[in-house]
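Undergrad: So you can see what is in the structure, the chains are spelled out below.
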Amino acid sequence: MTALDTLLSPVVMFFALGLVAALLRSPMDVPQAFAKGLAVYLMMAIGLKGGVEMSKTAMDAQVFAVFGAGIGLSFGLPLIAYAALRLTSGLSKTDAAATAGHYGSISIVTFVAAIDALRIADIPSSGYLVAVAALMETPAIITALWLALRGSKKDAAEDAVRDRGELAREVLLNASIVVLIGALLIGLTAGEDGYERLAPFFTAPFQGILCLFMLDMGLNAGRGLRRGWRKLGVAPIAFGLYMPLIGASIGAGLAVLIGLPPGDMVLLMVLSASASYIAVPAAMRLALPESDPSVYLTLSLGVTFPFNIALGIPLYIGAATLLAGG
Amino acid sequence: MTALDTLLSPVVMFFALGLVAALLRSPMDVPQAFAKGLAVYLMMAIGLKGGVEMSKTAMDAQVFAVFGAGIGLSFGLPLIAYAALRLTSGLSKTDAAATAGHYGSISIVTFVAAIDALRIADIPSSGYLVAVAALMETPAIITALWLALRGSKKDAAEDAVRDRGELAREVLLNASIVVLIGALLIGLTAGEDGYERLAPFFTAPFQGILCLFMLDMGLNAGRGLRRGWRKLGVAPIAFGLYMPLIGASIGAGLAVLIGLPPGDMVLLMVLSASASYIAVPAAMRLALPESDPSVYLTLSLGVTFPFNIALGIPLYIGAATLLAGG
Amino acid sequence: MTALDTLLSPVVMFFALGLVAALLRSPMDVPQAFAKGLAVYLMMAIGLKGGVEMSKTAMDAQVFAVFGAGIGLSFGLPLIAYAALRLTSGLSKTDAAATAGHYGSISIVTFVAAIDALRIADIPSSGYLVAVAALMETPAIITALWLALRGSKKDAAEDAVRDRGELAREVLLNASIVVLIGALLIGLTAGEDGYERLAPFFTAPFQGILCLFMLDMGLNAGRGLRRGWRKLGVAPIAFGLYMPLIGASIGAGLAVLIGLPPGDMVLLMVLSASASYIAVPAAMRLALPESDPSVYLTLSLGVTFPFNIALGIPLYIGAATLLAGG
Amino acid sequence: MPLTASGNDKLRLELIIERPALRRAEDLLREAGVTGWTVVPAMSGFGGQTRWSRGTDLSGSTDMVVLICIADEDALEPALKRILELLDKRIGVVNVSDVRVLRPGLF
Amino acid sequence: MPLTASGNDKLRLELIIERPALRRAEDLLREAGVTGWTVVPAMSGFGGQTRWSRGTDLSGSTDMVVLICIADEDALEPALKRILELLDKRIGVVNVSDVRVLRPGLF
Amino acid sequence: MPLTASGNDKLRLELIIERPALRRAEDLLREAGVTGWTVVPAMSGFGGQTRWSRGTDLSGSTDMVVLICIADEDALEPALKRILELLDKRIGVVNVSDVRVLRPGLF
Ligand SMILES: Nc1ncnc2c1ncn2[C@@H]1O[C@H](COP(=O)(O)O)[C@@H](O)[C@H]1O
Ligand SMILES: Nc1ncnc2c1ncn2[C@@H]1O[C@H](COP(=O)(O)O)[C@@H](O)[C@H]1O
Ligand SMILES: Nc1ncnc2c1ncn2[C@@H]1O[C@H](COP(=O)(O)O)[C@@H](O)[C@H]1O
Ligand code: NA
Ligand code: NA
Ligand code: NA
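Residue numbers (the working numbering), protein chains in the order written: chain Y, 1 to 326; chain G, 1 to 326; chain F, 1 to 326; chain A, 1 to 107; chain R, 1 to 107; chain S, 1 to 107.
Honestly, the hints are just simulated from the structure, not real lab data. Since the structure is predicted, the reported quantities are computational estimates derived from the model, not experimental observations. Keep in mind that the hints are not guaranteed to be accurate.
[To be verified] Here are the computed distance ranges between Cβ atoms for each label pair:
1. L24/Y with G151/G: 30 to 38 angstroms
2. R103/R with A235/F: 48 to 56 angstroms
3. R30/S with L84/R: 54 to 62 angstroms
Beta carbons are placed, not taken as given, at the ideal position from N, Cα and C, and that holds for glycine.
From just these sequences and the hints, can you work out the full model?
TA: So this is what it looks like as structure tokens:
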């Protein structure tokens with residue numbers, strides 16, 4: 001059974017190990033510098049592999065349709081998220097907008113875990129979805145800022161404008177965009193041949209390094225949750241659980257319209273369902289300093305990330321095989 | 001010849017390189033965050049491998065006998081160490097108790113180096129000894145606290161009790177216990193099949209990473225020795241050399257009683273002979289702040305660790321092949 | 001075509017990626033501790049491989065001639081560099097001497113990139129050039145100090161003498177010398193057999209790790225350049241571009257005299273052409289504190305390093321095949 | 001001791017601020033003509049209700065830093081007014097104390 | 001300048017303490033009602049006889065940290081008494097100085 | 001409060017200096033009889049014209065560190081004279097302030 005296989009994959013189990021250790025207040029940690037280095041490695045690896053795969057197939061209309069869908073999802077999902085938060089939770093306009101932005105953007109680690117799960121389930125997927133992931137990082141931030149600053153005092157908007165240059169750099173040139181897009185292009189140029197020489201570093205140890213990284217993610221998620229959950233009411237926590245399902249459903253709908261094969265459908269669902277915890281919080285601290293980081297960090301890293309890793313991904317795989325494989 | 005082979009193994013030579021560089025006051029260092037990350041890797045690797053091996057064999061009475069022996073050694077060895085230190089060295093009651101605790105507990109890097117040496121010598125060993133290593137980390141701390149606080153002013157004991165929660169977490173949930181036990185369970189669940197996918201990360205580069213880590217250990221041991229040796233008299237330094245032999249002998253005796261094969265006997269000897277320099281010092285700073293860290297850190301990392309790596313392990317392998325293979 | 005192949009090798013492209021990201025002021029970075037750890041790995045890897053190769057061939061007169069040539073180049077090149085700088089740039093005596101010292105010493109990462117380029121071009125080279133690299137690190141520093149302190153007030157010279165011990169340790173026992181020489185000796189002792197067990201860590205992932213490291217080098221070079229170029233006039237920047245060519249030419253001349261095969265000639269040219277940005281700046285801050293680090297760091301890391309990686313190495317390979325293969 | 005000479009009295013500004021706001025604070029200082037400062041990374045902190053510690057937040061956006069700036073009162077005063085504005089919506093703590101310096105000409 | 005207004009005077013506590021004792025010190029501060037502090041990691045130090053430096057001791061148990069706390073005298077006084085007790089057997093150095101703050105209401 | 005007792009007044013030296021010069025500064029302090037200090041790593045800084053930040057310079061030779069030393073005026077005075085000489089050609093900033101300590105006997 002796919003779902004159980006995924007749940008018992010070493011990647012998920014190491015995440016669970018970290019989560020449990022943090023909830024029990026273990027003093028252990030994976031040094032931040034080491035984990036960040038591993039994150040750069042993971043992004044290089046999926047970028048290169050995606051590029052090599054893209055070098056083998058033509059860019060047809062379907063690919064551009066998925067690019068468009070991804071950008072549309074990133075712009076649009078925060079609107080739904082904002083409405084849901086304003087209606088159900090007591091969050092302020094600013095906090096709701098900032099949080100909504102996280103759910104339009106993506107979590108690259110969730111994406112990587114989904115690629116791993118697809119491999120276990122033996123479902124093929126396309127390399128260009130790495131590009132879709134990079135394209136979906138940023139648009140959500142624009143929607144979030146628009147939601148927060150619309151009709152606000154001149155003051156706040158002015159602030160945001162003054163920091164525009166810095167914000168643009170932070171958002172368009174952050175590590176994941178630079179490394180993903182860069183490695184994708186390098187993979188495209190290097191092609192199958194060039195990749196072969198790099199494969200011993202980038203293919204073979206991928207799963208193992210992902211395990212080590214997931215252990216750290218579990219520790220982070222658990223600590224975030226332990227420190228932040230008190231500040232969150234029931235409504236925001238519920239939002240962190242149902243919003244990925246809304247995102248995944250819309251992603252799946254678009255994938256069916258475009259006619260994507262099941263593997264690619266799963267990845268588009270995962271991108272829609274996942275929430276950012278690196279690029280978007282950094283942008284929000286810069287542009288909306290009065291927003292409360294403990295709300296969005298706890299939700300995206302402490303609630304939505306574990307949900308997607310443990311339950312979401314198997315669920316999306318199940319749904320996609322039903323929808324596409326029918 | 002086994003002993004020379006071990007001495008000239010790259011793992012031992014890189015340790016020697018670091019040690020010599022530090023004694024010559026080289027400014028070089030391996031960044032702490034990187035070395036700590038590698039340590040987590042090493043523990044994941046031996047935990048997973050141990051778990052996979054355990055998944056293939058039944059847990060019989062002998063296994064439980066070794067668990068019991070390990071726990072008993074960890075509780076008991078500090079009593080011998082304490083008596084030796086109080087009789088021969090001028091160390092205060094607190095310092096002697098704190099130091100004794102280190103020698104009941106274990107050094108996981110020494111254990112890993114021993115596994116490597118066994119592989120060079122082509123002697124098989126069992127996966128469950130990783131669990132024994134984890135079990136032996138903690139009991140010694142309880143003995144040390146009892147030795148130090150027995151009959152002391154209400155004050156100190158009260159302190160220790162007040163921090164009990166923190167101490168328990170520090171001691172029972174430290175990185176090596178969490179990662180060793182966690183990876184062992186994950187290896188058990190994943191079994192041979194799941195491990196195959198992880199093997200490229202966890203088996204192939206193991207020796208190389210161990211070399212890199214050993215270079216750092218050599219630097220640490222050398223620096224610790226250079227800074228701390230002046231504070232130590234001849235008696236404590238002698239203790240750091242003969243105590244591992246006492247520990248190994250008792251470990252070997254128990255192994256003979258249980259009827260362990262030579263590889264497992266070596267590992268039990270190494271666990272008994274090695275001294276902690278991560279978990280126990282942290283616990284002692286917390287529970288016995290008036291103890292002097294430069295005594296126990298210098299002894300365990302600067303004296304006993306190098307002794308075991310360079311001379312102890314080949315010696316224990318030789319003894320075990322004599323005793324068990326006779 | 002060799003030159004284009006080298007330019008489009010993943011290693012060079014990842015360097016370019018980092019350089020561009022830094023020039024566009026991307027906030028991304030590879031954690032320093034992680035990059036430093038990778039650097040130790042790279043040096044261990046080339047040291048070990050060099051040592052294993054040396055264990056297979058005899059040390060003949062030619063080898064010692066190359067050792068002598070390397071030491072001579074390191075002592076001598078700073079004299080040329082100093083003259084060039086004093087004649088063309090407005091740099092003070094101290095700054096010119098300090099900068100000159102960098103160009104007599106070597107950049108180990110450039111050396112590693114050249115080994116990689118030789119592999120792509122399928123040109124063999126000898127292991128003992130790793131030893132030449134280590135030998136060339138230091139002599140240039142002595143020439144630089146002599147140039148700077150010659151005829152200076154007693155004061156400055158006295159300072160330099162007072163710190164002699166520290167300076168000697170900094171210079172003779174820095175990370176790259178310790179690790180290169182140490183790993184070389186370990187590789188020599190271990191020989192082909194011992195290396196086989198380490199190969200999965202040290203051979204297979206080499207290129208991939210070099211890519212990751214080069215991304216970081218690109219970021220560093222770009223940032224150094226962006227911050228420092230304003231302080232530099234046209235003459236020093238031109239020096240950073242023509243000095244490697246001078247160095248490479250002299251290196252090539254000596255290689256022709258000694259009768260080196262093309263691969264070894266390339267490596268000697270690269271060592272002569274490259275400039276230090278780790279060992280020498282550290283020594284200069286210690287011994288010539290009044291020298292301006294932004295001059296020599298910007299030149300060696302921001303100008304000469306990228307030049308060698310992108311254009312120099314293919315050029316030297318082309319020249320060497322002409323000269324030696326003619 | 002040279003420390004008691006006149007002109008040696010300076011102010012020491014210590015600004016504990018979240019890392020994303022650091023660049024803005026630095027720009028303000030530079031615009032106000034302050035000639036130097038040094039930034040030290042914090043590893044954890046507590047503020048009324050919540051604890052943070054470096055490494056738990058992967059984005060680093062809640063990390064705090066400590067900016068230390070030695071300056072003349074004349075240079076610092078205009079900078080402080082603008083920093084007060086900056087801090088309005090930001091997380092941050094600022095304190096100023098009297099210090100003596102050895103090389104007064106530098107500031 | 002707002003710095004000279006009354007109520008702006010606070011104390012700055014600087015506690016240099018070994019990392020394993022940090023949590024206890026923080027608990028004492030919190031129990032005494034202090035509302036905020038920031039902790040900065042040290043990289044090395046010297047104390048009479050021995051030098052330590054981060055990274056040599058793998059357990060990190062001899063690492064020192066610097067806790068900076070801006071607070072009212074009223075809040076700090078009870079905390080200091082208990083910290084003095086804590087330091088009795090511990091390794092640590094504590095100093096207090098006078099500072100002025102910009103937003104006095106926060107403390 | 002014990003802080004106002006006589007003998008509690010000490011000086012706090014804060015030396016912001018480039019890392020390669022740290023060992024020399026420490027030697028000077030030790031020779032002058034100062035009994036303890038703590039060093040904190042800086043992550044970035046600005047000084048008139050150029051910004052530096054840790055990690056960009058691979059040699060670490062332009063990294064700055066902050067040395068904090070609590071000491072008696074008597075012990076510090078001779079040390080300061082020599083540090084002033086050291087700083088002559090070096091990059092560095094030094095300030096001294098008045099603090100009160102809890103355990104005056106230690107210094
Ligand atoms: N009184 C204080 N003294 C020193 N640092 C403080 C103080 N109050 C707050 N901080 C720092 O500012 C951060 C955010 O504070 P807050 O906005 O109150 O949550 C804390 O985590 C501390 O690092
Ligand atoms: N006077 C002082 N000023 C600043 N830090 C100090 C001082 N004395 C001791 N320390 C710090 O406290 C640590 C332990 O000191 P000690 O207990 O004297 O060995 C030292 O390594 C320093 O980090
Ligand atoms: N006024 C100041 N306050 C604090 N740190 C300073 C000051 N001036 C310089 N620095 C530090 O000293 C370094 C070198 O300064 P400079 O020699 O002026 O380039 C800077 O990058 C800062 O880290
Ligand atoms: Na999303
Ligand atoms: Na033991
Ligand atoms: Na050179």
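Undergrad: Which hint numbers does the structure go against, in order from smallest to largest?
TA: Failing hint: just 3.
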